[in-house]
Amino acid sequence: MSNAVEIRDLHYQAGSFAIRDLALNVPNGCMYGFLGPNGAGKTTTIRLMLGLLRPLSGRISVLGGSIPQEAPRVLGRTGYVPEQPHLYSAFSIDEAMRYHAAFYRTWDWTWATELLGSFGLARSQRLGKLSKGEMGKLEMLLALAQRPELLVLDEPTDGLDPVVRRDVLTALLEFVSQQNATVFISSHLVHELERICDWVGVMDHGRLVAELPMHSFKNGIKRLHIASPPAEPGDTPFVLLSRERTNGDAEVWVVRGWQGPMSQYFDGVGATLRDVVDLDLEEGFVELLRTFRVPVQEE
Amino acid sequence: MFRAMLRAHWLWSRLFLLVSMLAAFAAPLLMARGFSARNQLGMFGWALDAQREYGFVYPLLAGAVGLILALTAWSADHRGKHIYALSLPIPRWNFVLLRFGAGAVLLALPVVGLWLGALVASATTVLPASLHAYPTILALRFGLAAFVAYALFFAVSAGSNRTAGVFLGTIAGLVVVQILLNTLELDVDILGPITAGLMLWPGPFEVFTGRWMLFDV
Numbered sequence: 001m002s003n004a005v006e007i008r009d010l011h012y013q014a015g016s017f018a019i020r021d022l023a024l025n026v027p028n029g030c031m032y033g034f035l036g037p038n039g040a041g042k043t044t045t046i047r048l049m050l051g052l053l054r055p056l057s058g059r060i061s062v063l064g065g066s067i068p069q070e071a072p073r074v075l076g077r078t079g080y081v082p083e084q085p086h087l088y089s090a091f092s093i094d095e096a097m098r099y100h101a102a103f104y105r106t107w108d109w110t111w112a113t114e115l116l117g118s119f120g121l122a123r124s125q126r127l128g129k130l131s132k133g134e135m136g137k138l139e140m141l142l143a144l145a146q147r148p149e150l151l152v153l154d155e156p157t158d159g160l161d162p163v164v165r166r167d168v169l170t171a172l173l174e175f176v177s178q179q180n181a182t183v184f185i186s187s188h189l190v191h192e193l194e195r196i197c198d199w200v201g202v203m204d205h206g207r208l209v210a211e212l213p214m215h216s217f218k219n220g221i222k223r224l225h226i227a228s229p230p231a232e233p234g235d236t237p238f239v240l241l242s243r244e245r246t247n248g249d250a251e252v253w254v255v256r257g258w259q260g261p262m263s264q265y266f267d268g269v270g271a272t273l274r275d276v277v278d279l280d281l282e283e284g285f286v287e288l289l290r291t292f293r294v295p296v297q298e299e
Numbered sequence: 001m002f003r004a005m006l007r008a009h010w011l012w013s014r015l016f017l018l019v020s021m022l023a024a025f026a027a028p029l030l031m032a033r034g035f036s037a038r039n040q041l042g043m044f045g046w047a048l049d050a051q052r053e054y055g056f057v058y059p060l061l062a063g064a065v066g067l068i069l070a071l072t073a074w075s076a077d078h079r080g081k082h083i084y085a086l087s088l089p090i091p092r093w094n095f096v097l098l099r100f101g102a103g104a105v106l107l108a109l110p111v112v113g114l115w116l117g118a119l120v121a122s123a124t125t126v127l128p129a130s131l132h133a134y135p136t137i138l139a140l141r142f143g144l145a146a147f148v149a150y151a152l153f154f155a156v157s158a159g160s161n162r163t164a165g166v167f168l169g170t171i172a173g174l175v176v177v178q179i180l181l182n183t184l185e186l187d188v189d190i191l192g193p194i195t196a197g198l199m200l201w202p203g204p205f206e207v208f209t210g211r212w213m214l215f216d217v
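Which chain is which? The protein sequence lines are X and S, in order.
For reference, each letter of the first sequence is one residue, going 1 to 299 in this note's numbering.
For reference, each letter of the second sequence is one residue, going 1 to 217 in this note's numbering.
Isolated chain X (complex conformation):
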């Protein structure tokens, strides 16, 4: 499977914030959830990906084009919804659509008009007077009506009420079902990505912590309740993310890459595996960040 986005050895610095050695792959046609806490570097990575910022070093390829050298060509096939509203507030919705359409050969007026209706937006509304939700819908409309091959969404539903969020996500899913496009969606709203994404990348402190298919991420991270655990876990067949003593000699372990037959490991070390609990994406995300941050804090 080829990749819609490939990033290799990316370095970027702005003040005290840095992105170091970033490598990222977004497979063609997937919905890639880009997770990370606030300040992790998600927006910066997106801006680098689209050629809005210049890296210190490294290679970025988007839709087969090298960034930033071929950014204009790539941007013509990419829809982008930034974190903060960026449109010209003096425009009306109609003017904003006309202005935007002038730059995209693939602009679809029919679909733009349909979306306008389904989002409940009026052409004459001034952008400066739009609510946050209406602005979010307009940004999504402009990105979708381009009929892009790649859709890059930076926290598209952040701060939107549940109704607007549902409208936006419905339009997004409709677009994906119609067109075999790649969607790169950044968010810290983990539950939202859990429902719609098939790949996930987790970023923290300017580094990519994990990148794997969503099913591996969801199914592979477990909470194990163990009685009489070993003092030193030794060579485990899974990745031990964290361990915490509960009561008595029991412990709770959070592990990654878990599979059923691995329970034999505990027999070998004289421990008893009492329970295996599935973690949802948010719990897995939190555990992942917690283990990632330990060495960082120790540095």
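So these bits of chain S aren't anywhere near chain X, every CB distance computed over 10 angstroms:
#1 GLY159
#2 ASN161
#3 GLY197
Okay, the calculated bits of chain S under chain X, using three or more residues with CB under 8 angstroms as the criterion:
#4 7-16
#5 72-81
#6 84-92
The set of hints was computed from the structure by calculation and includes no laboratory data.
By construction, the Cβ of each residue, glycine as well, lies at the ideal position given by its N, Cα and C atoms.
With chain X's structure known, arrange chain S on it following the hints.
Showing chain S alone in chain X's frame:
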């Protein structure tokens, strides 16, 4: 794309453009009226002097038109930290050129306003035999001055606040140094040659200086 850019710039600056167009139309008419009134009283020399004295209105208006159009070219992008402009599928130099071109085209409105005003003023004023009206030359000169001001301020406002700060800071610094030198009674003139270089031919601001007269010999 250019039409979209032109339309956007028009939306941002239409109010000012309409006002400046009206002002540019009215300026030669008002001056011609004053000229006629004095001329009818037989004060031909005074009429000409008054016209010369109030001629500063034209370069002032040209400078203001250039400044405002340049500021409106970038203010919306500054507010959005240029994210929208940068995310459009067009090379940066091309975007800047389109923006510049759109503003330059809009400059034509006050220029046409002044030209029409000057034509009407010329047609309705009885001139002494030794004088001629120069409506087209006045309008062209006004257009050139507005374009020079627009180009300068466009370049300054296209940059970041820091760039604008460096530019203005350099000017302020030179003025402060000159004042210090004068206070210390040192016979060093820094501003003189710079001003002369800019304001005298072939300096870029020469167009703002000299006689701005609709009626001249």
